[in-house]
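K.L.:
So the chains spell out like this:
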Amino acid sequence: MIPSQYQPPLPLDRLILKEGTEGAGDKMELDVLFVGAGPAGLAGAIELARLAKQDASVGELNIGVLEKAEALGEHSLSGAVVNPRAMRELFPDLKDADLPFRGPVTNEAVYLLTAGGKVRLPTPPTMQNHGHYVASICEIVRWLGQQAEALGVNIFTGFPAAALLTDGDRVTGVRTAASGLGRDGQPLSSYMAPNDLTAKVTALSEGTRGLLSQAWLEWQRINSENPQIFALGVKEIWDTKRPLDRVIHTLGWPLSNDAFGGSFCYPLAPNLVALGIVVGLDYGAVDLDIHVLLQRLKGHSLFREYLEGGEMVEWGAKTIPEGGYYALPSRRSGDGVVLLGDAAGFVDVPSLKGIHYAMQSGMYAARAIFQALKSGDGSAGRLAEYDRLVNGSYLVSDLHRTRNMRLAFRDGFYAGGLKAGLMTLTGGRFPGGRIAMHADVDAPRHADGAEPFAPDGKLTFSKVDAVFKAGNTTRDSIPSHLIVGQDVTPEVARFYTHVCPAGVYEEVDGKLRVNAPNCVDCKATDVLGPRWTPREGGSGPKYKRM
Amino acid sequence: MSHVLAVLEQRDGSLRKVSHEVVTGARRLADALGSGEVHALVLAAGPVQGTEASGRYGADKVITATHAGFGQYAPEGFARVAAEQAKAGGYGAVIFAASAQGKDLAPRVAARLGVPLAADVTEVAVDGGAVIVTRPVYAGKALLQVKVTASPAVVSLRPNVFTAVERPKAGAVETVAVSGDAGRVVVKGIKAATGGSLDVAEAPIVVSGGRGLKEPANFKLLEELAQAFGGKAAVGASRAVVDAGWRPHGDQVGQTGKTVSPSLYVAVGISGAIQHLAGMRTAKVIVAINKDKDAPIFKVADYGIVGDLFEIVPRLTDEIKKLRG
Amino acid sequence: MKIAVCIKRVADSETRVKVAADGKSLDEAGVKFILNPYDEFAVEEALQRKEKAGSGEVVVIAYGPQSAQETIRTALAMGADRGVLLEAASVPADGLVVARALAAELKDGGFDLILFGKMAIDDYNQQVGPMVAELLALPCVTCVAHLNLAAGKGTAEREVEGGMEEVEFPLPAVLTTDKGLNEPRYPALKGIMAAKKKPLDVKPAALGAAGLEVLALTPPPERKEGRIVGEGVAAVPELVKLLREEAKVL
Chain C
1 MIPSQYQPPL PLDRLILKEG TEGAGDKMEL DVLFVGAGPA GLAGAIELAR LAKQDASVGE
61 LNIGVLEKAE ALGEHSLSGA VVNPRAMREL FPDLKDADLP FRGPVTNEAV YLLTAGGKVR
121 LPTPPTMQNH GHYVASICEI VRWLGQQAEA LGVNIFTGFP AAALLTDGDR VTGVRTAASG
181 LGRDGQPLSS YMAPNDLTAK VTALSEGTRG LLSQAWLEWQ RINSENPQIF ALGVKEIWDT
241 KRPLDRVIHT LGWPLSNDAF GGSFCYPLAP NLVALGIVVG LDYGAVDLDI HVLLQRLKGH
301 SLFREYLEGG EMVEWGAKTI PEGGYYALPS RRSGDGVVLL GDAAGFVDVP SLKGIHYAMQ
361 SGMYAARAIF QALKSGDGSA GRLAEYDRLV NGSYLVSDLH RTRNMRLAFR DGFYAGGLKA
421 GLMTLTGGRF PGGRIAMHAD VDAPRHADGA EPFAPDGKLT FSKVDAVFKA GNTTRDSIPS
481 HLIVGQDVTP EVARFYTHVC PAGVYEEVDG KLRVNAPNCV DCKATDVLGP RWTPREGGSG
541 PKYKRM
Chain U
1 MSHVLAVLEQ RDGSLRKVSH EVVTGARRLA DALGSGEVHA LVLAAGPVQG TEASGRYGAD
61 KVITATHAGF GQYAPEGFAR VAAEQAKAGG YGAVIFAASA QGKDLAPRVA ARLGVPLAAD
121 VTEVAVDGGA VIVTRPVYAG KALLQVKVTA SPAVVSLRPN VFTAVERPKA GAVETVAVSG
181 DAGRVVVKGI KAATGGSLDV AEAPIVVSGG RGLKEPANFK LLEELAQAFG GKAAVGASRA
241 VVDAGWRPHG DQVGQTGKTV SPSLYVAVGI SGAIQHLAGM RTAKVIVAIN KDKDAPIFKV
301 ADYGIVGDLF EIVPRLTDEI KKLRG
Chain V
1 MKIAVCIKRV ADSETRVKVA ADGKSLDEAG VKFILNPYDE FAVEEALQRK EKAGSGEVVV
61 IAYGPQSAQE TIRTALAMGA DRGVLLEAAS VPADGLVVAR ALAAELKDGG FDLILFGKMA
121 IDDYNQQVGP MVAELLALPC VTCVAHLNLA AGKGTAEREV EGGMEEVEFP LPAVLTTDKG
181 LNEPRYPALK GIMAAKKKPL DVKPAALGAA GLEVLALTPP PERKEGRIVG EGVAAVPELV
241 KLLREEAKVL
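Chains C, U and V, in that order, are what the protein sequence lines are. Per the working numbering, the very first residue in the first sequence carries number 1; after that it's consecutive. Per the working numbering, the very first residue in the second sequence carries number 1; after that it's consecutive. Per the working numbering, the very first residue in the third sequence carries number 1; after that it's consecutive.
Treat the hints as calculated values from the structure; they're not laboratory data.
Simulated restraints, written as ranges between beta carbons of each label pair:
1) Glu311/C to Gly162/V: 37 to 45 Å
2) Pro204/V to Glu311/C: 35 to 43 Å
3) Asp318/U to Asn148/V: 42 to 50 Å
4) Glu311/C to Gly50/U: 43 to 51 Å
5) Lys321/U to Ser477/C: 35 to 43 Å
6) Arg14/C to Pro221/V: 47 to 55 Å
7) Glu215/U to Arg14/C: 36 to 44 Å
8) Lys53/C to Lys107/V: 37 to 45 Å
9) Glu70/V to Ala172/U: 55 to 63 Å
10) Ala56/C to Asn148/V: 51 to 59 Å
11) Glu215/U to Glu245/V: 33 to 41 Å
Only a predicted model underlies this, so the values are computations on that prediction, with no experimental measurement involved. A virtual CB, placed ideally from N, CA and C, is assigned to each residue, including glycine.
Extracted from the complex, chain C is given alone in its bound form (with noise of 0.2 Å):
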C-alpha cells in the first residue's frame, strides 16, 4: 500500500488568494509580520524590533506575529537540548543563567537498547551535548515573547493563518481563520471573520510541515534536491519519584530494522522528567503505531525504574523534518516573503537540534528584512540576502556536514549505522555524494501483524487518554478541519488509526471516522494522508512545559 494514492492534493485555490479577495472582516496593515510564535518567529521578530529602535531614519515598525495558540508555547513541542549559541548572540547582556533554559547537561548516557537489556554506547560525536542545556520549548516561547512584547512587539494568539494574500507573485500578507463555525460549517452566534493582515514583508514561521510554506513553496515551484522527510516525535513529562541526572538516548528496540529512530530522556529537573520517542515517517510496517511504541517503551527497565510511582502530567505529540541540507529549499525567501526555521527545515538529526538554527534563522531574516526595508524594497531580489545570510552561516555548513547521515538510514538500521559511523569519521566526506531519498508519502507500506496493545492507565495510556493530558479542550462542535482523500480503502483507514497518535482517526465497519477534535496540530498525517488546515484559534492542545 502506498499512501501517496490516497493522499488528497494541496487546496492551492484556498491557499493562495489575491489581495482583496472578498471575505475579511477587520483589516489591519503591518510592516512586517511573522506567522507563527515559535523561537524562530520571536527571534526574528526581537531583532527586527531592535535594529528598527537603534536607527532613526527607520524609527519604530508596526511588527506583528501571529499564533494559531491560545497562549504562546501552547503548540510548541521539543525534546529539548539546546544549543545556547543563538540565544547568546541575540542577548549579549545576559548570562547563561539569566536565559530560559533549566539546567545544563552534566551527565549523558547512549544506549541499544533490546527487549530485555541496553548496551552502553560510546556518545557519537554529533551527540556531544557538552555546554548545551536542556530546556522546556514552552518555557523558552514564553519567555521569549515577554522580551518581544516589552519591545512593541504584536503578538497575536487565538489567529490562525489560513491563507496568504498576493499581488502578482508578491506575498503582501495573510488571512486568519474564521472562528464560530458549526459541525456543518455553518456561522453560529460566536462567529467571528476572518481577518487579513498585509505587511512589506512576511516572514513564515509556522514550524514543522507548515502550511502556508507549503503552499507557496509549491506555488512559485520551488524544489530542493530531496523531497523533506518527517519523523513523529510522541513525547510525554513524568513527575518522578526517583531523580534522573543525565541525558539519555536510545536506539534500537522498540524499533524495528526498518523504522529510523530512537528516544530520548531529559530531567527538566531533577524530578520532572522528558520522554519520548522519535521515528521517521517512511516505515515499512502499515499498523507500526509512534505512541503505542512510546507505552511499550516506558516498560523497559531503563525508563520503568525512573517512571514507576510518578505520575504522567503531559502528552504531546510533534513532527520533525528530518530532511536535512538536501531538503531545503533551493531558496527560501521571495517576493515579500521569508521561510524561517522547521518551515524551512533547518534541523539536523545527527544531533536532534533545531531550536538555535530557528532563531540564527529568524535572526538572519531579521536583518535582511531591515535592510529591504530601509532601501524601500521587499523583492526577492533584496530579500534573497536572507538566503546569503544563512548559506554563509554555521547553520548550512552544519547541516552539509552531516547530510547524508539521516539518509544513510533508508537501508536500514544496521547498513545506516555503518554508513553514519562512516561519514561520522570523515566528517561527511565519506560517502560522499547525495543519497537520493523519497518522499515518506511514497514509502510503501506492508501488514506486520502488529501486537494488540493494552493500557494499565498507570504507566501506559490509550490514546483517548493522551489527548487529554495534552491539555486540548477543543470545541466539539467545531467543522472537521482535515482533509480526507477518496475512497479510502478499510487498510487505509487502519494505516491512519496508527498514524495519528491523538486518536483522530479511526477504522469502524470498514470506513473512516474522523475525530477532529482530537487533532494535536502534530501534522504526522498531513504528512501521509489527510491534509491538515487550520481550525479556530486556540483549537488544538494546551501544552504547558512541552
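Given the structure of chain C, go ahead and fit chains U and V onto it with the hints provided.
P.N.:
Chains U and V alone, transformed into the frame defined by chain C:
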C-alpha cells in the same frame, strides 16, 4: 458561652429541607464550641410550616421574624434583620446554607457585621476555641482549611453535605414582628422551570450512557431509570455518544462538556476515559455498569456490576421503583 | 453610561493543582492564568450597555499581583476603556478585605452600574460583589442570568432551585453575572493592539486585617477503593441495598 445562630430558609410559607442541614451543622458547631445553644432564625411574611421540626435537629429555639414584605426573599430586609438579630444575640457564629438564597444573603450579613464569610464549606470544627472550616477550591481539585479569627464566625454550608441528623432539643418557637424597610431590591416571584429535564450539572443524581448502549434509541433505558428516581435524576452522556450525534452537547459530561458533582453517578456502558472521569470524579458515589471487567471506570467506581447492561439496567429501574414504593 | 467591572486573574480551570512548598497555596509553576470566565460575562455586559447607551466609559478594576495587568489588558482588548490595578502580592482568602479595597476605589466613581462575575473559579467564594454593595450602600442582585434596564431601574432573572427568580431594583446598582447572560466577545486584532495604549493605573491595594487565616491547602482525600458487587442481573438487589444502607444515597 456564645450561641450559634442558624439562618433557615423558607419558600411559600414552608421550611425548605436544606434548613435541617443548617441546624445540623449549627448544632455540631455549638457542641464543639462548648455548651452553646442553637437559635434558628426564619424570615417570612407569616407563620412558617415545618419550623417545629427544627427542634428535632438540634435547635433550642426557633425565631420566626415576620414582615409583610418578606413573602418573597427580600435581600436587603433579610440582611438587615439577620444582622440585627446576630448582633443583638451576641452570637459566636452565624450559619447559612450555601443555597441560591444563602449565597446571596450570607455575604451581605457578613459585610454588615464587618466580618469575613467562610463560604460553601464541607466541614466545620473547633480548635482552641476557634472555628476551623474546610472548603473545596479549584473545582474540587483541592481542599482549603481555614481558621476564622474574626467574631462572629459567619459560615455557609454546602448543601447535601451536612446530612440532617436528629439531635433533639427544645425547639421552642417564637414569632417576632419586625419593622423597617423590606429593601430596594424586590423579588417579584419565581418562575418554575419550564417542563423539560433537569440539567446534568444541577441534578443530585446523574445516569450517564456511553457507546456501550450501541444505539441512540437505547438511551430510553436510561431515561426510564432516571424517571424511577422521581424527578431527581438527569441523563448524561459520554463524549463519544455526543460526537456521534446520539445526545445533545448539553448532556455531555467531561472534557468540554460539564463537570458534575451529584450525590450519585451511574455510568452505564462507559469505559472511563480520563476526560470523562475528570467530569464526574467529585461525585459522592459512583456506580459503574459495564460488560468489560477491565474497563477503567471500575477503578474509579465505588460499586460496580459486570454484565449486560440491557438486562441490568431494567432490573435496576424495577428495584428503584420498588424502593420508592 | 459609566460602568465599572471588577475582574480577577485566576488559574485556568484545566490546571493540575499542586500545592506549593508553604502548604497553603497553589504552586504556580507552569500554571496558565486567565480572566475569570464569569467576569467575561460582566465585561461583555458592560460593553454592550455602553454601546447601547451610545456613550460612556467602561472601567475594569482588578485586585491582585502585578501580573494581573495582563488580565486587565485582556479586558481592554475586548473594548474596556481603562483599567486600574489594586496591587497586592496575593489575593487574601478573606473576601471582605478585597471588598473594602474595591469599595474605596469605586466610592467616588459615579458609576451607574458596578458589575462582578458571580464567583471566581479558583476560590468559589462568591461574596465580594454583594459585600462591596453593602459597603457602598448600593442595591445588589447576584447571579444575573437575564437583564433589562430602563431609566433609573432594572429587572433581572436569577437561577434558584427549581426555577428563575424575577427581581426589580433601582439604579445605580451592583450586579454579579452568571453564565447565559450574554456571549462574551473574543478580542479583535485591533482591540488587542489598542489595548496597549489604553490607560492602566497601578496603585497599592489598601490592606486590611484579615479575619480568615489559611491553615492548609491539601489535595482531596483519595477515593476509597471501590468494589465489584457482582455479575449480571443477580447483583442488582445487592447494589440497591448497598446504595441505600451503606452509601446512603437512596
